[in-house]
Every structure is written in structure tokens, then in C-alpha cells.
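Asker: Let the hints inform the model, and build the full structure from the sequences given.
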Amino acid sequence: MKMSRSLFWALPVSLITSLGAAAGATTIELDVLPTLDSTGTCPEQLIAHETLRPYVEGGSSRDGMIKLRDIATDVRIAASDLFSTTWVATLKPEFRDCEASAIINRIDDEPYVGHSYLQVQLAAGEAIAILDMTGIPDANGLTSSLLFGGLRQGNPRWTWGGSD
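Residue numbers for the sequence shown follow this note's numbering, so the first one is 692 and each next one is one higher.
Between beta-carbon pairs, the in silico distance windows are:
(1) 855 / 804: 21 to 27 Å
(2) 728 / 797: 22 to 28 Å
(3) 785 / 844: 20 to 26 Å
(4) 785 / 825: 31 to 37 Å
(5) 855 / 771: 22 to 28 Å
(6) 744 / 815: 33 to 39 Å
(7) 715 / 844: 15 to 21 Å
(8) 796 / 715: 20 to 26 Å
(9) 845 / 730: 27 to 33 Å
(10) 760 / 804: 26 to 32 Å
(11) 744 / 768: 18 to 24 Å
(12) 727 / 802: 22 to 28 Å
Honestly, the hints are just simulated from the structure, not real lab data.
The model shown is predicted, which means the values in this text are computed figures rather than measured ones.
Cβ atoms here follow ideal geometry from the backbone N, Cα and C, with glycine treated the same way.
Answerer: Dropping the structure here:
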């Protein structure tokens with residue numbers, strides 16, 4: 692009987708722990724800004740998430756992703772270097788005629804006024820997502836570095852970090 696009770700409580704505790712990890716991610720809202728001449732249907736916003744990795748002496752890093760699959764298919768990496776990664780995707784039919792750009796507007800419901808290190812261009816039937824750390828300083832005034840730029844489950848994924 693005691694064994695079944697401990698198993699009964701183990702499930703809810705593990706479930707709560709898993710939810711807490713997901714709740715630790717920040718939500719990044721990107722406003723989609725149509726061009727003056729855009730006549731196509733554009734999404735109102737795009738959503739990205741970033742999660743601070745556990746502290747490691749000497750530096751910090753964040754894992755991130757943008758939900759590009761919500762508006763596009765066939766996501767692939769077009770270019771990557773120390774400072775940036777560029778992903779290209781084919782817009783879904785309902786957005787193929789959209790001409791717009793998207794920039795970070797809010798992080799966790801707070802206005803964002805810094806340099807938009809994550810940008811998206813929607814044009815010519817494609818979505819181009821760019822994560823660019825150029826000019827983004829870390830705590831010591833050094834340039835933050837792109838540590839990983841790739842794909843997982845059809846969405847762009849990244850890790851960026853810097854010294855502390």
C-alpha cells in the first residue's frame with residue numbers, strides 16, 4: 692500500500708517539474724510590419740522563446756527557437772557564422788503574397804526597446820529569419836557569440852552566449 696502511494700505522488704511531482712521547466716522560457720513577440728505596397732495576407736505576429744541555461748562560471752548562454760513552422764514549410768539553414776544564422780523557408784499558401792518584416796516588440800509582455808537581434812523578412816513567397824548577434828555586448832563589453840544555429844522539429848533553434 693505504501694508503495695502505491697509513493698508512485699501516486701511521484702507522477703504529479705514529475706509533472707510539476709516538467710511544467711516548471713517550460714514555464715522558465717521567455718516569450719518573445721515579433722510584430723509583423725507589412726510594407727507600404729503589401730496586398731497579401733500577413734500574420735499579425737510571430738512567437739519565439741528563449742531559455743537561460745544553468746549558470747557556468749565565466750559565462751552564460753540562452754537556447755532559443757522561433758515558431759517559423761506556423762507560417763512556413765521547408766525550413767533550412769542558408770548561412771551561419773560566428774555572429775549570425777540565417778534560415779530560409781517557403782511561406783504557406785495563405786501567406787505567400789505577404790511582404791513584411793518582423794522585429795522583436797515584447798519579451799514576456801514587457802516592451803522591448805533594444806536592438807532586434809532576431810528579425811524576419813517575408814517576401815517573394817519566402818520567410819527569412821535572421822538571428823544576428825553583431826553589436827550585442829555581453830556583461831564585459833565583448834560581442835555575444837552564436838554558439839549553435841540549427842533546426843529541430845522543423846523550427847530554427849539557436850544558442851547564444853557571452854562572458855560574465
